[in-house]
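Here is how the chains run, residue by residue.
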Amino acid sequence: MTEHFQITLNGKLVETDIDSRALLIEVVRDCGAKGAHIGCLTGDCGACSLEVDGRLAKSCLVLAVSAAGREVVTIEGSRDAIARELQSAFVACNGFQCGYCTSGMIMVAIALLRANPSPTEAEIRNAISGNLCRCTGYEDIVRAIASAADALRGRTFERNT
Amino acid sequence: MPHSLEGSAKGPVSGERGGWVGKSVRKKDAHRFVTGAADYAADLIRPGTLYVSLLRSPHPHALIREIDIAQASRAPGVVAVMTGAGIRALTRSMPTRVPRERFPGPTDVWCLAVEEVIYVGQPMVAVVAERQADAEAAKSLIRIEYELLDPVLEAQAGAESISPTARREWSTNVVFQDKIRQGDVDAAMSGAHCVVSGSMRFGSGTSAPMECRCYVADWNARSGRLTLEGTMQQPHPTRWLLSQALDLPETSIRVVAPSMGGTFGLKMVGHPEEVIVSVLSRHLERPVAFLEGRDECFLANAREQLHEFQIGAQADGKIIAFRDFVRADVGAIGAGGGWLMAFVTPTVFPTVYDIPNVAVDSQVVTTNKPPWQGVRGYGKETANVVMERAVELISAELGMDPLEVRRRNLVPGSGFPHRLPSGLNVDSGDYEGALDQLGGLFESERWMARKATPNGGRGIGIGYAFELTPEGASFPGSMPSGFETSMVTLDPTGTVRVATSVTSPGSGNETGIAQLVADVFGLHPDRVTVTQGDTDITPFGGGNTSSRSLMFGGVASVLAARDLRDRIAICAATLLQADPGKMEFTRGKIAVSGEPDRSLAFEQAVATIYTQAYSTAKDVELPLQVTRTYRSGNVRHTPDEWGRISSYPSFPYAVHAAVVEVDTQTGCVSVLDYAAVHDCGVVVNPGLVEGQFKGAVAMGIGAALWEELLHDIDGSTRTTRLKSYVLPRSTDLPNFRIGHRCTPSPFNPLGVKGAGESGFGGAMAAIANAIADALGEQGRKLARIPCKPEVILDLLEGGQP
Ligand code: FES
Ligand code: FES
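Sequence lines, in order, name chains A and B.
Under my numbering, the first residue of the first sequence carries the number 682, and numbering increases by one thereafter.
Under my numbering, the first residue of the second sequence carries the number 5, and numbering increases by one thereafter.
Just so you know, these hints were derived from the structure itself, not from any lab.
The beta carbon of each residue, even a glycine, is placed where N, CA and C say it ideally should be.
Do not rely on the hints blindly, as some may be mistaken.
[As the list claims (entries may be wrong)] Under 10 Å between C-beta atoms, here's a sample of chain B residues computed to sit facing chain A:
id, residue
1, G26
2, H35
3, V630
4, R632
5, G647
6, I649
7, I717
8, D718
9, R722
10, L726
11, K727
12, R733
13, D736
[To be verified] The following label-pair restraints were derived from C-beta to C-beta distances:
id, chain 1, residue 1, chain 2, residue 2, range
14, A, D698, B, R205, 48 to 56 Å
15, A, N797, B, M404, 45 to 53 Å
16, A, G713, B, G26, 40 to 48 Å
17, A, R836, B, G417, 47 to 55 Å
18, A, E804, B, T670, 22 to 30 Å
19, B, C672, A, E804, 21 to 29 Å
Build the full structure now, drawing on both the sequences and the hints.
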């Protein structure tokens, strides 16, 4: 069964016919946002993490039809200062190897730093505990997020003084 | 440690000093990975592509009586339904990477089961549909009648002569046996001051990369050419496989591997789906994609082994004898080479220790479990765990400090090259130095003190382990037998292109190769592009296995680049009116040695060769493109006087220290601290190597504590999700302190050894030793890995683990 479907994806209105069985991750990828990845489709790995109406979601756990009309942001549409700082920190700290988990990790880190600009190491480890990485052993990811937080705080400090 | 890059290779080394090698250059194209712009296999599926879903066998061993596909063929969206009989009319059987003569029976492996199924999960029927969901839905409409056969689901019983066989046409389940001998173990054991025996059973494990497998085949009927894109770490061997299975010349096949979301051995050649999508695309004349589900990814089986060992020592702690029997359950034999891991285990003994009398017997048994697929460690990890447990046990028996016992038995720095009883020739090492260095990195006194406090010390255990991880597998008769090739081209504007047979699993070896080549020409690595994973562009080679990328592919690239540099030096010398032997390549310039003012830009020399081939550059050999192959000087395929060959050229090692806390109520283990010292010879990019090592340690901790594939009594895989096959998460691991040492390999022109795999086996062993330490007297009975809570509770209750 197909259904007519409409979302705002990374700021652009997208209209398409979708299979009513489709998951949000599948539709988002079919619409071209390939930066969101599939690692399990059972909610265990976090590779499919993205934002729905400003809230972090594992998009394999969301039926696409239930997200109709909403605003979806993937790594491709994440361009604010927090996202950019995280992206450069992931590069500088070797926060990835194969990169498959990376977009999901960064989406989670964006949500974390928005809510908590000065996370402790334990808070960072907790925040990303729903996301699996098979390559790095996490340490460099944690370091990347901490260093992005530092850099962002430094900037806020500069602006305020 | 200073080390000349010249090594045993000829040619000038000027321009290679003080360059990019040894620097943590950022991974090439890094921004694409953090912005979601990197293309993985599934990202390349174009609209209009068909999807294939595979109906897999529910039985471990059965004959297929009848398959009724009529209803499924009429289901919505379904384009084709293909059975084994159908496939047989369209293909030939898949060639095995190991010569067929090595097996004790026929090894025809078809991409879809024909007549007989030999494991739960074996592909039987392929359903092709416009949409993945349609293909999946139609599978329930297929009716199959089976005649059930007795399955073999346990290796020990399977090895007995009265056992039913896992394949009807085989007369035995014993695929292979090996006997490795050095000295006289019986005599040494009876003369030993003390002897300890033990056993260790390893559960099944798997690689579980975050990206599952994916293949997209596109047959172009007009040109009669097939393109297969996908998760393939061995594109050339895959082309070889397809060429035979599809009866197509290699020139009609292009295999392309885009960015890979990790592999750890999984994505080696020989999966049935590589052939299935290809034959279906040719048959239907449409692109066909296979997207592996996570549950299917857990069919990749590996590691299940049982070891029974004995170790004997003198009163002064000198180990004089070691004996091991290992039986591996390799599941069904597929076309891939995963089960070769069981061959490798016995060859690693007695790892870093100098033990005069050694006997290792091994038995490789096929069963009706899913076939082994490559996984990090490749069999070496289990040997390291067994050796390290044996050393701990003999130390306890002797009443000596296990570190002291290790120290007394390490192969000394002056003892290299060192022959292992299996014939492997260990290139170099500084084991004692590494142990000293670990002492500075790991606060053993702090942890010992904590362990000694009456309350705080409850359940704390400290474990040490060495690991020896042979790398660069080069097996005789295997396709290919272990060499890699690179082609380096200089374009008219002076850009450098490297096309190499080694592929990247996401480790960043392309960056390392760019650094190596950049140093030859005195250029920035950004001026060097590295192309991998496309059989139309890259020369033939094995791809990415056994940490071979820099030790083979990197060397081949450097050899080709040096040849090219010599050509350019001739032109530069003419332009500068100097001796070609005096040209120095640094910082984008070519200068006369010792006279920095007499110089010209690198690209000027290159442009001159292109534009003045009949005058200024008439003595320069063209084209500015050189292809070189590197074959290791430390591989020997002719048997030595003991009848042994040597298939691994490179021997990185490490020494690890781990602290765990065991909750004696629940049996749960947490890792509190971790340190290790690692030596892989000359390091090209320390940041990338350290990242690989830490990743391997994390994986080793997972394999020691949580990760286990479970098979039901009917042979089906019970752990089908990441909820039941438990990978380490961010909250499960501590930070790791890593130290590096460098004993260059004297057999490698760059002094490098393999990096990427080591860390894994040592971590498994260190964790096992730490747990045993935490459990005290009971810990000596630890005989099961992974050490899941139930294993630990059993030990604490004094039961049989
Ligand atoms: S794909 Fe959604 S959590 Fe794994
Ligand atoms: S970088 Fe490969 S899975 Fe995280």
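The hints, checked one at a time:
no. : hint                        : result
1   : G26                         : 16 Å, violated
2   : H35                         : 7 Å, holds
3   : V630                        : 31 Å, violated
4   : R632                        : 28 Å, violated
5   : G647                        : 40 Å, violated
6   : I649                        : 33 Å, violated
7   : I717                        : 25 Å, violated
8   : D718                        : 23 Å, violated
9   : R722                        : 15 Å, violated
10  : L726                        : 4 Å, holds
11  : K727                        : 6 Å, holds
12  : R733                        : 5 Å, holds
13  : D736                        : 8 Å, holds
14  : A:D698 x B:R205: 48 to 56 Å : 54 Å, holds
15  : A:N797 x B:M404: 45 to 53 Å : 51 Å, holds
16  : A:G713 x B:G26: 40 to 48 Å  : 41 Å, holds
17  : A:R836 x B:G417: 47 to 55 Å : 51 Å, holds
18  : A:E804 x B:T670: 22 to 30 Å : 25 Å, holds
19  : B:C672 x A:E804: 21 to 29 Å : 22 Å, holds
Consistency with the previously given hints fails for numbers 1, 3, 4, 5, 6, 7, 8, 9, ordered from lowest to highest.
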